[in-house]
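Asker: All chains should be modelled from the sequences, with the hints used to inform the complete structure.
Protein chains in written order, with the numbering used here: chain A, 14 to 296; chain B, 8 to 263.
Please keep in mind that the hints were generated in silico from the structure rather than gathered at the bench.
Treat the hints with care, as some may be off.
Said to hold, decoys possible - Capping the alpha-carbon separation at 20 Å, the derived lysine to any residue pairs in SDA-like fashion look like this:
(1) A:259 - A:145
(2) A:110 - A:96
(3) B:94 - A:110
(4) B:94 - A:194
(5) B:94 - A:282
(6) A:259 - A:95
(7) B:119 - A:208
(8) B:94 - B:180
(9) A:110 - A:282
(10) B:119 - A:218
(11) B:94 - A:219
Stated by the list, open to error - Label-pair ranges, simulated between beta-carbon atoms:
(12) B:11 - A:202: 39 to 47 Å
(13) B:78 - A:52: 26 to 34 Å
(14) B:163 - A:138: 51 to 59 Å
(15) A:52 - B:82: 27 to 35 Å
(16) A:49 - B:140: 47 to 55 Å
(17) A:276 - B:178: 50 to 58 Å
(18) A:56 - B:136: 38 to 46 Å
(19) B:78 - A:192: 31 to 39 Å
(20) B:23 - A:209: 43 to 51 Å
(21) B:231 - A:202: 47 to 55 Å
To be verified - From the derived model, a few chain B residues whose C-beta atoms are all more than 12 Å from chain A:
(22) 15
(23) 23
(24) 27
(25) 36
(26) 40
(27) 51
(28) 65
(29) 74
(30) 113
(31) 204
(32) 205
(33) 222
Remember, predicted model here, so these are calculated numbers, not experimental data.
Beta carbons are placed, not taken as given, at the ideal position from N, Cα and C, and that holds for glycine.
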Amino acid sequence: MNPETGARSTARPATDAAGEGAASARPSLGRLRQWSAAAAAGALPPALLLATLFAAWELYVELSGISPVTLPAPSRVAEVAYENRGALWDHSLVTVKEAIIGLAVSVAIGVAFALLIDAFAPARRALYPLLVGSQTVPIVVIAPLLILWFGFELTPKIVVVTLYTFFPITVAFASGLAATDAEALVLMRTLGASRIQTLRLLRVPQALPYLFAGLRIAVTYAIVGAVFAEWSGATRGLGIYVLLMKNSFRTDLVFTGIFLIALLSLLLFLLVGLVERLMVRWR
Amino acid sequence: MAGQPLLEVRDLSLTFGGRRPVEALRSVSLAVETGAFVSIVGPSGSGKTTLFNVIAGILAPTSGTVLVDGRSDPDERRQRCAYMFQKDLLFPWRSVLDNAALGLEVSGACSKREARERARALLPRFGLEGFETYRPSELSGGMRQRVALLRTLLLGRPLLLLDEPFASLDALTRRELQQWLRSTWRTGSEAALLVTHDVREAVQLSDRVYVLSPRPGRIEAEIEIRRDAGGSLDALEAARREQEVLSALHIEEAAS
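Answerer: Here you go:
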């Protein structure tokens, strides 16, 4: 290659670079908007299916003349939901609060356990069987005990939600930490990074998508966990509300509660997705 | 070629233990003087990356000595080597600027802000001006390698180790980056050692080429490349040296 060509190609990368870069999209609010549009489009098919199911249900109740105490029509469920919106709102707030606090505790415990498991081989050997074991404990059985120990207030609910949700978070984050790219680890070594630096700058950010995968699983248990804890003994919350309605043969309000519980779980799931979008923007 | 050897490898051998031991390197000796750009050419599996890992103090050899700037202690050697890999290994969650500043940030030699400022000052030379806030996924392969090289050179460590840095790029981008590297590598480094299996790349860039045999890796030949005072290479000289390297690799070209 003669010097002239050499000089020209030396200068070229910069101009090429500008062209390539300009073509690619910049991360911005636009991307979030794009995402919500995609989410809305994705919500259409299940919404249609749900509407069809409700219509069939409504039709069946209408034609069979079944007692509303046995099976209320969806229109009736919607009606009583509207009439009781004040009470439902109050009970929902209690349940959501328990679920979110429980999840937060789970994230803290899960991250701590995962870091411990990752850092010390003996901790892994000692902790893992116990963690797996903790998931085999029937919560049905210990929930009343928790009420006995902690009373009817917030604490036993948080404990139950945490028991339901910390495991997937721990396992997911620990797997994420274990999945660090081996060559990136060599890079950090050549840069002279300490263990803490490698953890902070490489391994934890790299494991964040795993953490969110675990959190998405955990979040579907959180509301159900809170409802179950309330069912075992509470003064307020959707769990105790549904129980009381069942005992007074208000099947329509039981259904209202069930739908509300499902809806809240779904909303919490979407919230986790949104937080992930904001925290893991490189994906 | 002038200058003291910045890197000296003497009689280096390495056998990986285990049930079926693998002899990776046998009695390798080579030297890289201050100011020199030296290449090692060898077929895949000839232990080139292993050799680099030993030089950079990441792997311990079975026998032999390695001196970087007169130091044999692995930790001290590592602190004098700026190591660039075949993969760019950029962190997808960091911007171009933060990726480039990573090494300085880790070294603790200066504050995070100063690390960024030093990286920013070199962006134009690396053709990355205006891309500070871009993420690696938004860059082309060539640009990503340039960010990786900036991250490596910013450390200001004397010995630059380049492990097939252009192997994953397309032919055109590779040629551009080779030319550009020739004019840029001295930013921060005093000597460079390049591992490649591209004979033309080795001859175009280097003052000397070592040819490594297939496993176990041994030095088969040492070929000096004569350059004029400005560092440019005569086409005839280049062709001759390429031929020499090829025959040392036992690859004969039919027409020549």
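Asker: Take the hints in turn and mark each one as holding or not.
Answerer: Evaluated hints:
Restraint check for residue 259 of chain A and residue 145 of chain A: not satisfied, since their Cα atoms lie roughly 35 Å apart, outside the 20 Å limit. Among the hinted pairs, residue 110 of chain A with residue 96 of chain A is inconsistent with the structure: their alpha-carbon atoms are about 23 Å apart, more than 20 Å. Under the criterion of a C-alpha separation no larger than 20 Å, the hint pairing residue 94 of chain B with residue 110 of chain A is inconsistent with the structure, at around 46 Å. Note on residue 94 of chain B and residue 194 of chain A: the hinted pairing holds, with a Cα-Cα distance of about 11 Å set against a maximum of 20 Å.
With a C-alpha separation of about 36 Å, the suggested pair residue 94 of chain B and residue 282 of chain A falls outside the 20 Å cut-off, and the hint is violated. In summary, the hint linking residue 259 of chain A to residue 95 of chain A is supported, as the alpha carbons are separated by about 19 Å, within the 20 Å threshold. Taken as a hint, the residue 119 of chain B and residue 208 of chain A pair is honoured in the structure, with Cα atoms around 18 Å apart against an allowance of 20 Å. The straight-line distance between the Cα atoms of residue 94 of chain B and residue 180 of chain B is roughly 15 Å, inside the 20 Å bound, and the hint therefore holds.
The straight-line distance between the Cα atoms of residue 110 of chain A and residue 282 of chain A is roughly 15 Å, inside the 20 Å bound, and the hint therefore holds. For a cut-off of 20 Å, the pair hint linking residue 119 of chain B to residue 218 of chain A stands: about 18 Å separates their Cα positions. Annotation: proposed proximity of residue 94 of chain B to residue 219 of chain A holds, straight-line Cα distance about 17 Å (limit 20 Å). Restraint check, residue 11 of chain B to residue 202 of chain A: a C-beta distance of roughly 27 Å breaks the suggested window 39 to 47 Å.
A hinted range of 26 to 34 Å is violated for the C-beta pair residue 78 of chain B and residue 52 of chain A, which are about 57 Å apart. The given range of 51 to 59 Å is broken by residue 163 of chain B and residue 138 of chain A, whose C-beta atoms sit roughly 43 Å from each other. Checking the proposed 27 to 35 Å range against residue 52 of chain A and residue 82 of chain B shows it is violated: the Cβ atoms sit about 51 Å from each other. Between residue 49 of chain A and residue 140 of chain B the CB atoms are about 23 Å apart, so this pair departs from the stated range of 47 to 55 Å.
For residue 276 of chain A and residue 178 of chain B, the hinted distance range of 50 to 58 Å is satisfied, since their beta carbons lie about 57 Å from each other. In this structure, residue 56 of chain A and residue 136 of chain B meet the distance hint of 38 to 46 Å, their C-beta atoms being roughly 43 Å apart. Judged by the Cβ atoms, the range 31 to 39 Å given for residue 78 of chain B and residue 192 of chain A holds: they are separated by roughly 35 Å. For residue 23 of chain B and residue 209 of chain A, the Cβ-Cβ distance of about 30 Å falls outside the hinted range of 43 to 51 Å, so the restraint is violated.
Checked against the given bound of 47 to 55 Å, the beta carbons of residue 231 of chain B and residue 202 of chain A, roughly 34 Å apart, lie outside it. Against the 12 Å criterion, residue 15 of chain B stays outside the reach of chain A, whose nearest CB is about 20 Å from its own CB. A cut-off of 12 Å between C-beta atoms confirms that residue 23 of chain B is not in contact with chain A; the least separation is 16 Å. With a least beta-carbon separation of about 21 Å from chain A, residue 27 of chain B lies farther than 12 Å from that chain, consistent with its non-interface assignment.
Interface exclusion of residue 36 of chain B from chain A stands, the closest Cβ pair being 23 Å apart, more than 12 Å. With a least beta-carbon separation of about 23 Å from chain A, residue 40 of chain B lies farther than 12 Å from that chain, consistent with its non-interface assignment. At the 12 Å boundary, the C-beta of residue 51 of chain B stays outside the reach of chain A, the nearest C-beta of that chain being 17 Å off. Its closest Cβ contact with chain A, about 6 Å, brings residue 65 of chain B to no more than 12 Å, contrary to its assignment away from the interface.
Taking the minimum C-beta to C-beta distance to chain A, about 18 Å, the non-interface status of residue 74 of chain B holds against the 12 Å cut. The beta carbon of residue 113 of chain B is not kept farther than 12 Å from every beta carbon of chain A, the shortest such distance being approximately 5 Å. At the 12 Å boundary, the C-beta of residue 204 of chain B stays outside the reach of chain A, the nearest C-beta of that chain being 19 Å off. Even its closest Cβ contact with chain A, about 14 Å, leaves residue 205 of chain B beyond 12 Å, as expected for a residue assigned away from the interface.
A cut-off of 12 Å between C-beta atoms confirms that residue 222 of chain B is not in contact with chain A; the least separation is 21 Å.
The structure is inconsistent with the numbered hints 1, 2, 3, 5, 12, 13, 14, 15, 16, 20, 21, 28 and 30, although it conforms to all the rest.
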